[in-house]
Amino acid sequence: DGGITQSPKYLFRKEGQNVTLSCEQNLNHDAMYWYRQDPGQGLRLIYYSQIVNDFQKGDIAEGYSVSREKKESFPLTVTSAQKNPTAFYLCASSKRTSGGETQYFGPGTRLLVL
Amino acid sequence: AQSVTQPDIHITVSEGASLELRCNYSYGATPYLFWYVQSPGQGLQLLLKYFSGDTLVQGIKGFEAEFKRSQSSFNLRKPSVHWSDAAEYFCAVVFSSNTGKLIFGQGTTLQVKP
Chain A
1 DGGITQSPKY LFRKEGQNVT LSCEQNLNHD AMYWYRQDPG QGLRLIYYSQ IVNDFQKGDI
61 AEGYSVSREK KESFPLTVTS AQKNPTAFYL CASSKRTSGG ETQYFGPGTR LLVL
Chain B
1001 AQSVTQPDIH ITVSEGASLE LRCNYSYGAT PYLFWYVQSP GQGLQLLLKY FSGDTLVQGI
1061 KGFEAEFKRS QSSFNLRKPS VHWSDAAEYF CAVVFSSNTG KLIFGQGTTL QVKP
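Residue numbers (the numbering used here), protein chains in the order written: chain A, 1 to 114; chain B, 1001 to 1114.
Hints may be right or wrong, so weigh each one.
Derived pair list, reagent style SDA-like, types lysine to any residue, alpha-carbon separation capped at 20 Å [claimed, not checked]: (1) 95/A - 1048/B; (2) 57/A - 1001/B; (3) 1113/B - 1079/B; (4) 57/A - 70/A.
To give an idea of the chain B side of the interface with chain A (calculated C-beta under 10 Å), a few residues [said to hold, decoys possible]: (5) 1006; (6) 1009; (7) 1042; (8) 1092; (9) 1107.
Hints in this document: simulated from the structure, not taken from any laboratory. These numbers come from a predicted model, not from an experiment. Using N, Cα and C, we set each Cβ at its ideal position, and we do this for glycine too.
Could you put the whole structure together from the sequences, leaning on the hints where they help?
Listed below in structure tokens is the structure:
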């Protein structure tokens, strides 16, 4: 089955700890995205990557880092600099066509602070 | 600034009643428009999208949406709501086809009364 997988489903972070959220897609999509979702605030873009070995900051990149070494993978690291990391994190991917570009989402990872 | 507004944070309808969820966006040019649905603790599922052409678009689960350029709106409709439609609905817009960045509304939570 083609799709987007995110792991783990739940992740707990201790004070001062870096944690990494996994996102993998087997849809052969070029672009991948990370969003943060907080209650009542919709989704906000953290980072995105349109091609391997390249990525750009979104609207709320501070305290986060990413890499894009493979087309299929776009891991997100939540660093200790992110002071309020508790949220639901969603990964998405898309493929550009002549008609437009549609993003498809993974099931999400909920990050909680201990 | 580019923005997407969903005026209704919470809507309650009776099962079998019709539904309309509102979405308005800023910007002058015709953007790409999307509606997604999210069940609690899950990722986002694409309901429908508009890129160009017929301004009335059909989606999955019996939903449709109409693009009205003069009103900068893309309202979602369903003639008869089922209890399983209870979820959160997000309108999203791509303003720049160069980046493919999605801007989300804050979401509308739909409750269905039996």
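We went through each hint and held it up to the structure:
1. 95/A - 1048/B: Given that 20 Å is the threshold and the Cα spacing comes to 16 Å, the pair holds.
2. 57/A - 1001/B: Holds, because 18 Å separates the two Cα atoms, which is no more than 20 Å.
3. 1113/B - 1079/B: Satisfied, since the Cα-Cα distance of roughly 16 Å is no more than 20 Å.
4. 57/A - 70/A: Given pair residue 57/A, residue 70/A holds - Cα atoms ~18 Å apart, limit 20 Å.
5. 1006: 8 Å, holds
6. 1009: 8 Å, holds
7. 1042: Check passed: Cβ of residue 1042/B comes within 6 Å of chain A, closer than 10 Å.
8. 1092: This interface hint holds because 8 Å falls under the 10 Å limit.
9. 1107: Since the shortest Cβ distance to chain A is 5 Å, the answer is holds.
Hint check: no violations occur; every hint is consistent with the structure.
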